[in-house]
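Q: Sequence:
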Amino acid sequence: MSANPADNGPDPMVEGSAGSMPAGTDAPVDTILLADTVLTMEPGAEPLVDGAIAVSGDRIVAVGPAGALRAAHPQAQIVGGPGHLALPGLINAHQHLTGDRIIRSMIPDDLEPGRSIFEWAVPAHAAHTGGDDQLSATLSLVESVCNGVTFTVEAGTVAHPERVLAGFDAVGVGGTLGSWGWDVAGEPWAGSVSEVLDRQREVQRLTVDHPRVRGWVTLVGHDLMSDELVVAASDLAREVGCGITFHLSPSDSDTTSYLDRTGKRPAVHLDDLGALGPHVLIGHGVHLGDDELERLLATDTAIAYCPWAYLRLGQGVTRAGRHIEFIRQGGRVAIGCDAENAGDAIDVLGAAALAAGLAKDMAMDPTVFGAHAALHHATLGAAHALGMGDEIGSLAVGKRADIVLVDTTRPEWVPLSPDPVLQLVWASDGRSVAHVMASGRMVVVDGEPTLVDRPALAIEAAERHRRLVRDARLGA
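Numbering (our numbering), first residue to last: 17 to 492.
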């Protein structure tokens, strides 16, 4: 991964993408992935027709014409072929991997603000065991990867980050790991500033040599963290060279609480504390004032945008959301799916389509933010938002071999559009995904995960669901 989460420098260009003989193929090639069309997502690159991606170990070593790459590497395993579209692994910039999964789509969608958190989510987290956390993360990541997601920013493990890391390892995908920190008295797993920082350091220790998962400093956010904690956590992230993420202003309650406590809107107050910057990924950022937007842009702070959650929870994105305006002014934005009682489905393609639809409708302008822009913010644009544009997000020589093959023989792809991005975003969703490679390993084949026993997970999930609902007294 990128050593510097603020790195937005140029990525390696795709070799052979314009139809020339592929270069960079000296390394022994293990696998060649073939597709009728390859969407590299590299800046300015046209779709590559009858293309291929050559992989050695966990890296892409060539992208070019299928015939030339197959002839150069006759020993390589072949995946895909006619009837497939290739694209980079999708990036989910904000996903709760614990707490919600085992009570998925169970929290009522007609609760007053705050009740879903303190009557459902908090008790569920408090009753979660280590086994619950591992199963929850594994289930979420299985759904993610089967929908083409190869990198997930975890929104915060409450109690057992080592078990969530085991979930990443079980499925074989990459992401960030964090231990949710807050210093609010009386809440589950809250602690003093020093205790919260110790847990952040433990996450760094767990991931220090991990090939696919990076430890991030992760706070609850909202107005549930003291100024002392915010400053200390931001300093720690800068010290170790990792990202920091927390929730901010999905609804207008954060604005109210910050104004009452500090006399300033949230992002302004955080900037005055020195807690914003290119290493920061804010979850949501729906209700932002002009002064906040200016501060986020000036500090190059990124936003994870989870549109389905705001609609499910009635948080006012159609009235207040300014994500597309933020992008137009140079802001870094990535698309996320949130929790299984908010965004519910872990389908980045579906969330990308919704982001495009909301942008057009809110502006009452069909020329605004179409399918191509939406896919960019689920791939290379998302990678830049995470400070990982040199590692993931596009199909380029030297990058991690995170590759998705979509089955274009499915009904939603008949007949084929001359613009595959339009069809991918507007007509399909994660169910079109056929094969997924993550870090050079096939983790989904013919729509099924290769490293986990999905039926066995379902049996275990049903058992843990019953126990968790009973122990947390949910819905009582």
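Among the hints, a few may not be true.
Restraint ranges, calculated between C-beta atoms of paired labels, are given here [claimed, not checked]:
1) A443 to E218: 41 to 47 angstroms
2) A474 to L289: 33 to 39 angstroms
3) L432 to D276: 20 to 26 angstroms
Listed next, the in silico SDA-like pairs over lysine to any residue satisfying Cα-Cα at most 20 angstroms (straight line) [claimed, not checked]:
4) K376 to A443
5) K280 to L240
6) K376 to Q345
7) K280 to S242
8) K376 to D268
9) K376 to E341
10) K280 to V256
11) K280 to D268
To be clear, the hints were calculated from the coordinates, so they are not data collected in a lab. Yeah, the Cβ is synthetic: ideal placement off N, Cα and C, and Gly gets one too.
Q: A separate judgement is required for each hint: does it hold in the structure or not?
A: To see whether the hints hold, each was checked on the structure:
1. A443 to E218: 41 to 47 angstroms: holds, 45 angstroms
2. A474 to L289: 33 to 39 angstroms: Given about 45 angstroms between the Cβ atoms, the range is violated.
3. L432 to D276: 20 to 26 angstroms: violated, 56 angstroms
4. K376 to A443: Given that 20 angstroms is the threshold and the Cα spacing comes to 17 angstroms, the pair holds.
5. K280 to L240: Holds: K280 and L240 sit about 16 angstroms apart, inside 20 angstroms.
6. K376 to Q345: holds, 17 angstroms
7. K280 to S242: holds, 15 angstroms
8. K376 to D268: It is violated: about 23 angstroms lies between the C-alpha atoms, which goes past 20 angstroms.
9. K376 to E341: OK: K376 and E341 at ~12 angstroms, within 20 angstroms.
10. K280 to V256: violated, 30 angstroms
11. K280 to D268: holds, 13 angstroms
When each numbered hint is compared with the structure, violations occur for hints 2, 3, 8, 10.
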